[in-house]
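Here the protein sequences line up with chains H and B, keeping their order.
Residues 32 to 698 in our numbering are what the first sequence spells out, letter by letter.
Residues 5 to 225 in our numbering are what the second sequence spells out, letter by letter.
Source of the hints: derived by calculation from the structure; they are not laboratory data.
No incorrect hints appear here.
Incomplete in silico selection of chain H near chain B, CB under 10 Å:
#, residue
1, Ile679
2, Ser680
3, Val681
4, Leu683
5, Leu684
6, Ser686
7, Phe687
8, Leu690
9, Val691
10, Leu694
11, Ala695
12, Ala697
13, Leu698
C-beta atoms are modelled at their ideal positions from N, C-alpha and C, and glycine is treated no differently.
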Amino acid sequence: MTGHPTDLISVTALACGWLAIGLLGFIRPRSTGWVAHGLFPLGAVLGIAVTALALVALVQPAETLILPLGLPDLHFQLRLDALSAVFLLLIGATAAGISIFSAGYFRSGEGAAPGLLCLQYHLFLASMVVVVIADDAYLFMVAWETMALSSYFLVTTQHRLPEIRRAGFIYLLIAHLGAIGLLLCFGVMQGGNWQFTFEAMRAAQLTPVWASAAFFLALLGFGAKAGLVPLHVWLPEAHPAAPSPVSALMSGVMLEIAVYGVLRITFDLLHMQLWWWGLVTLGLGLFTSLFGVVFAAVQTDMKRLLAYSSIENIGIIFLGVGLTVIFHAFHMPLLAALALAATLYHCLNHAFSKSLLFLSTGSVLHATRERSLGKLGGLIHRMPWVAWLALVGTLAIAGLPPLNGFVSEWLLLQAFLFTPDLPHSYINMLLPMGAAALALVAALAAYVMVKFYGVIFLGQPRESSLSEAQDCGRLERIGLLWLAAGCVLLGIFPVPLLALLNGVSRELLGASLGSQLQHWWLLAPIAPERASYSPVVFMLSTVVLVAVVVLGVRLFYHGRVRKASPWGCGFPLLTPRMQDTAEGFGQPIRQIFEPLFRMRRELPSPFDTSPHYRVQVEDHFWYTLYMPIAGWVRRISSLASEVQQGRISVYLLYSFLTLVALLAFAL
Amino acid sequence: MPTLAFSSQLINLCAALLLLLSFAMLSQRRVLTLVDLFAMQGGTLFVSIIVVAWSTGQPHLYYSAALTLILKVILLPLILHRLIRRLGAQWESETLLNTPITMLAGLLLVIFAFTLAQPISQLANTVARGTLGIALAVVMLAFLMMITRRKAVTQVIGFLAMENGLFFAATSATYGMPMVVELGVALDVLVSMVILGIFFFHIREQFDSLDLHNMESLKED
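Chain H with its partners taken away, still in its complex shape:
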């Protein structure tokens, strides 16, 4: 602990700055020009400042600060350590891109007044910053709930539509469920001292039973926010409802904040980690990722597809968390550090690439007013900027080298491949199967991304109105470029960043990958002779190969190309609607993973003159989990309504009986 916490004070000041920008929106709340071209770029500058500060703080010792605010006997405590710094980096860098994009995106006449939107947006950003630097449970919960509420209002920007209000309600409900879990978790972790600073919680000695209770309550609380199955149902509802920059922030940043919470509680605040926690987390993560990717493959709404893809990525991240817990509990520090590094790296990846994709769907939505994949297509000719930048995002999420998605998934697989060394006879046999499942998820994710990109941007426009689509404006391009650059940088230079992430594993696990990161160009997590990956070499060789092929083709075939119309299968009336559709593309997955879906199909009879084909894919969890619970709630509340007889004498009788009961109690 050094003398003066300058970084922490600056971070707090920046959070206040975001808040101030939000309030400044009220100077001219109806003016889109003021809010969009004045305040959002300013917010982006603050985002860059947060990024820079986080980079500085990553290599510095932890700083603490006590604010003269808060409860009488519990002032707000702040702490900035390496783990907070990583997530600050994530918030700042992603928010900078999204804010610049938003400056060009928000237009007048869409939903709430721009000033209000600006306030909620920046309040959301500021509360996320406070969540990661909070050092007591009270401030944490205040910031957490502010985050939930501000994002709720952002989701329901167009609150006049009933389905958007419904989506917002589901989100709010699950967010509250999670908040209850967190409250109980902090209640358990104070361990009987009634001290709610994180300092006291670190010192509390819980029995294994209570520590497990705390861990699983935290998993419930943060899992609800992150979208862990079966608490994922709000994601596919809320994301299509929210404006695209908001979806990008929620999916790219807020979900990762939940991961921060899990890491903070598991490795920092709890003094013990039991291996079977890791096993449960890993199992949940694996199921979540598989579930998410399979559902993403059958979606026909582009934002719903991305929402399910977020569920998949969160699953992968939780899988990494589980693996870290297992390695740490079995005292394998190097492997634990590897798994943790992969987890954190995947958080950063997901933040950049998913925000990029959500923002590009926003641009597509603005240009075409269409969210359904079945009515898009061929946009690469009309919107080259969005299309090429979205390509970077899709490749990154699909996990193709040399982009960032590959790095984290590769690291995670490497960590998985060491699970046979675990000193536990069943786990070391079971876990390697997880590696296979992870590989399946990664492959399916690539499939999903081919579908996403191919149906929207490639081929022919499926509707004639698409030919009027305009490419995005300058500010939006800058935002997309920023995020795409993040994807590329993270992909090509993983080693310097992993070296920075080492601070976190030193702090949380007492181990680091330090000696493995000597060469900036070669990533060899455990030993170079076992596995290594050099993104720079890979990229250079790809570029050289492509250049050679292009040159060769030009050299040998130039001038000998003959253009002719393709064979139309003998069918003269081909229209763009006959291209492979999103439904068609997802059909094999729908067949193979049929038990996961609840499907309703309406097939036309062969004699139908105006045939309609309808298929509706729904989530089993709605019918097996949520509907029964809703039914119980309704039944219990109808029991409670029996009390309401509507007769004055009965109400008088109630108060009389209460009086008598209280007097008898005092007796």
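Using the hints, position chain B against chain H.
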């Protein structure tokens, strides 16, 4: 100044009368008689306060007795009488719930009040300490009356009778409340009486009757 034993006998007599009047109110079906019974209850309360004031030499209790006399024996019954006549409700009577059962419930309440008051009155050292149980019983019987009746005017009388019981409890347990509180309570009662009077007219205008039965569609079906 009478001896303490004598005054305490007097107070006990008053308390017994109060209880008796409460039971009478519980079983009375004519509204006008109910108002008279309420006035008599007020009078008994006035006498008991005078006795307490006289035997203990507490001067402020005289004011409170005067307040009781003016408000509860003269003013409120007068207002109620006028109200009832103007509403044309003087001949109205209401059907009671099963009278023996109501009486029996009242008896149980009295026993309950006595068991409740016993430990408290052993702590008190006032002349009227034995009467706390009765005071509580008066409050509860008034409450019971409110529960079992259906006319708006009866509800108000029950409410005022409850206030009587509380007043009696205050004098018997602690020689009355501070003057400010008593004045405040008296004003409250008067104001609430005025407001309820206005409500009566509105209720009758709306439903052509003062029966609360008409206001019981509070619940949506």
